[in-house]
Structure formats: structure tokens, C-alpha cells
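Visitor: Residues per chain, in single letters:
There are 2 protein chains.
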Amino acid sequence: MKASISTAAIPPDDVPTARLGRDDWLDAAFETVAESGFDSVRVLTLAASLGVTRGSFYWHFTDHAELITALVERWRTREIETHQRALEANLLEPKADLERMLEAALAHAGTEIKYLRFELALRGLGRHNPEVAAILVEVDRMRMRLFESKFLRLTNDPKAAADLAALFYLAIVGGTHALARPANPERTKDYLQRIIGHYLISQQTS
Amino acid sequence: MKASISTAAIPPDDVPTARLGRDDWLDAAFETVAESGFDSVRVLTLAASLGVTRGSFYWHFTDHAELITALVERWRTREIETHQRALEANLLEPKADLERMLEAALAHAGTEIKYLRFELALRGLGRHNPEVAAILVEVDRMRMRLFESKFLRLTNDPKAAADLAALFYLAIVGGTHALARPANPERTKDYLQRIIGHYLISQQTS
DNA sequence: CAGTCTCCGTACACTAGTGTATCGTTTCCC
DNA sequence: GGGAAACGATACACTAGTGTACGGAGACTG
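If you're matching them up, the sequences are chains A and B in order.
The opening position of the first sequence corresponds to residue 377 in the numbering used here, with each subsequent residue numbered one higher.
The opening position of the second sequence corresponds to residue 377 in the numbering used here, with each subsequent residue numbered one higher.
Calculated from the structure, these hints are not laboratory results.
Be a bit skeptical, because a hint or two may be false.
The list treats identical chains as interchangeable, and a pair is accepted whether it falls inside one copy or across any two copies.
To be verified - Subject to a maximum C-alpha distance of 30 Å in a straight line, what follows is the list of computed DSBU-like cross-link-like pairs (lysine-lysine):
{"hint": "1", "residue 1": "LYS565", "residue 2": "LYS490"}
{"hint": "2", "residue 1": "LYS565", "residue 2": "LYS535"}
{"hint": "3", "residue 1": "LYS565", "residue 2": "LYS471"}
{"hint": "4", "residue 1": "LYS471", "residue 2": "LYS490"}
{"hint": "5", "residue 1": "LYS471", "residue 2": "LYS535"}
Using the sequences and the accompanying hints, generate a full structural model.
Guide: In C-alpha cells:
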């Protein structure tokens, strides 16, 4: 709701007739992507939802294409930031940490689902856009390695940790695609934990 | 390549100036969906690729929307058919059967990838279209139950079979989304099999 | 071999959307 | 308080795409 300001000082902030910044357009685009996908991002519609005309848009952006690339790039940098924070939070107890991670990954409720839907749309875009695909590969690798680092602290077999991490990460991605709506997060978390338990036990006893 | 015929008798079949049937348009639409998604299905483009004008299209279909629904419906019926065939082939040895299934699920090569990409695009469409979403839920349930039936013949714990089936199905779906191109099918198959082995062993010894 | 049905081309009207140029307001800043 | 820069409205030209009406050519059928 708070309008982002670029160069202005002490803005009224909450006045409906505030000047728009680049981020405001990006936020509006983000919303429509999460709701209807990238192909539904129209300059005309965004302008209407922001209460201005397209004249504003073509001042902040040179092009429709630039809006898309800027949106993707912003997502990438933010994703890297959250990854860094997750890395720093990696020094806690392994098991509770993993459970918290599963919890977060399966929490399709509230505002989280918006980010999930954006990412799904982004994967759709990545299938036709090589640069977006490269970014997705980068982020996927990042996350899988994070998973791997967590599993590595529960077992002594590095290959097993990599396999489990890949399997679980892919299952989580698949879970966001295969079900239109969350379905049954509780039961899902349960069997993920059980399988982890089984696997680690079989590791330690072998 | 073979042109489908609806009412004509003994067509030349292979003559470039053959009359078009409904299925020809559906085939062309299928191709573009697999390549560029549903939003890229344009009547104009399809007509150009088929070497005719839009006059032909609006004889076979009333609407652009009808083309989409017909395409989705055709996919659904075909998916049900292949599922029936898979059910009938379920009476072989469980282990070899499961391996063959994994092989098929990970075979992103050749012409298979076209069907995969179509399904990915379909999942994207299902996020905005409730009827398509319902069809996807139906097919996903079908396949997961098939997975479950296979796992059930390897363990005596029905809940474990359901969990494993869901996990693996979701991982396979996720694998088609997370990677722009197949990546490493061989290694993937390897760790899937290893994890199955571990899990079933831990089941039998507990 | 004329009639009818099937299939497709042509021409038109219409909508939605982009991009550009230009002008009018604010807002900052000295 | 008066430029100057930031921001946005207006109007125009242009493209891509849908849907419709109608006409024409082949193919089948009696």
C-alpha cells in the first residue's frame, strides 16, 4: 500500500494522488502476473489500476519489454537476498531447521501464495525466454544446494544428501504445480517428515 | 503428418491440397501450445501454418474458445485411455514394472517432450480456468493412484505406499518444471531407485 | 449432369493493445 | 518566485487479432 518514493523527500504517503515511481508499476505488474500470468500484463490495464494513463508508464519505462525484464530482475535479486538470509540462519539445530523449512515451503496460505503463483508464471515464461530460463536454473540450483546443506548435517553420506535434497525440492515444486489449491499441507508435511526419518534411520543402521 | 479424414472416403492421403478436418486444426493447435503456450494459439497463425485462411477455421469451429476446449477435452480422453492401458499392464512383476514406469516418466527425449510441454502449458491454463483445473485434478489423481497401486505390491503398509506414490509423482511433475531441459535423467533415475530400495528395506526390517 | 452439401477464400467491421509526440502540471531548488 | 526538471494527460498512427457475411469452387449423390 505504501507508495515507493525515488527522489522525493517527506512525501504525504497515503494521499491517493501521489506521484508514481518505477516500483509502483513493478508492484502492479507483479500482482497481475501472480493472478493472470505474464501474458496478461498490459500497459493499459496497469495504468487503469494505478489510476493514471499510459503517459506515466512511458516516462518510467522505455518499453513493455523493459517492464518485464525489470520485474524478473527484481525477483532474482530478492530471491538471492532471501537465500543469503537462509544461509545465515543455517547454523541452528538441523532437525528443527529442516522442519521449519518444510513448513515454509508448504505454507501456501495467506500472502505466500501470491509469490508462489508469480514463480509459477515465471517458470512458464522461462520456457520461451532463454534469459529467464537461465535465472530460474540459477535460483533452482541455489535452493537445492541449500536443501543439500541441511540434509548433509543429518547424514554422513554426501551423495544421499544430494539425492534427498533434489527429490524433495522437485516434489515441492511439483506440489505447487500439480494441485490447483494447496490440497492437504498437514498430511503432506507428515509424510515428508516420516520419509526423512525412515531414510536417515536406514542410513545410520546400514 | 497423416491428415485425419472425417466424412470423405478413400482420400488421396499425402496430397498437399487435401481438405482439412477438425483434427487437423487440433493437431496444429497442439503443436503451437507445446511450443509457445495457449496464449500463442492464434487462428490467423494456425491458418497460415496449415496453408489455408481463417474461413476454413470458422467452418469447423464456431469460436476460438471452442478450439481450446476441444483441444483440452481431446487431451483428457486420450489421457484416460493411456491410463486404462497402464492399468491393464499392471499385472507384471512389480519391480520391473516400476522401473519401466520411472523410465517412461523421465524419458524427456524425442517426441515425448512435446507432450510434456503441452501438459506444462495446460497446467498454466488450469490456473485461470476452473474447468481445466478440474480435469487436471482428475488426471493427477488417476496417475497417483496408479503409482500407489504399484508401490502397494512392494510393501505391506498402505499408508507408506500412498506417501511414496505422492512424493514421487510430485517430484516427477516438479522435475519437468524446475529444469528447462531434461538435465540429467540417468542420475535422476538412479537416485529414485536407490531411495525406493532404501525405503522398502526399512519397511521390511521394521 | 444438375443439385446440394462441404469446405474454403474474400472483404468488411470491430476491438484491444502498443508506441510516439506534444503539451500541461506539479515539484524541486536556488 | 522563477526556471528547470520530473511527471502525467491527450491525441494520433499503427498493428494484430477476432468474428461475420457472403460468395465460389469441388465433391458426392441421385
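Visitor: Up to 30 Å between alpha-carbons, please classify LYS565 paired with LYS471: within, between, both or neither.
Guide: both (14 Å within a copy, 27 Å between copies)
Visitor: If the cutoff is 30 Å on CA atoms, where do LYS471 and LYS490 land: within, between, both or neither? Let me know, please.
Guide: Only inside one copy: LYS471 and LYS490 sit 28 Å apart there, 41 Å across copies, limit 30 Å.
Visitor: Cα distance capped at 30 Å. Does LYS565 pair with LYS535 within a copy, between copies, both, or neither?
Guide: So LYS565 and LYS535 pass the 30 Å test inside a copy (24 Å) and across (14 Å) alike.
Visitor: Which holds for LYS565 with LYS490 at a C-alpha limit of 30 Å: within a copy, between copies, both or neither?
Guide: Within one copy only: 21 Å inside a chain, 33 Å across chains, cut-off 30 Å.
Visitor: How would you classify LYS471 and LYS535 at a CA-CA limit of 30 Å: within, between, both, or neither?
Guide: Both: 19 Å inside a copy, 23 Å across copies.
The structure fails none of the hints (numbered hints given earlier).
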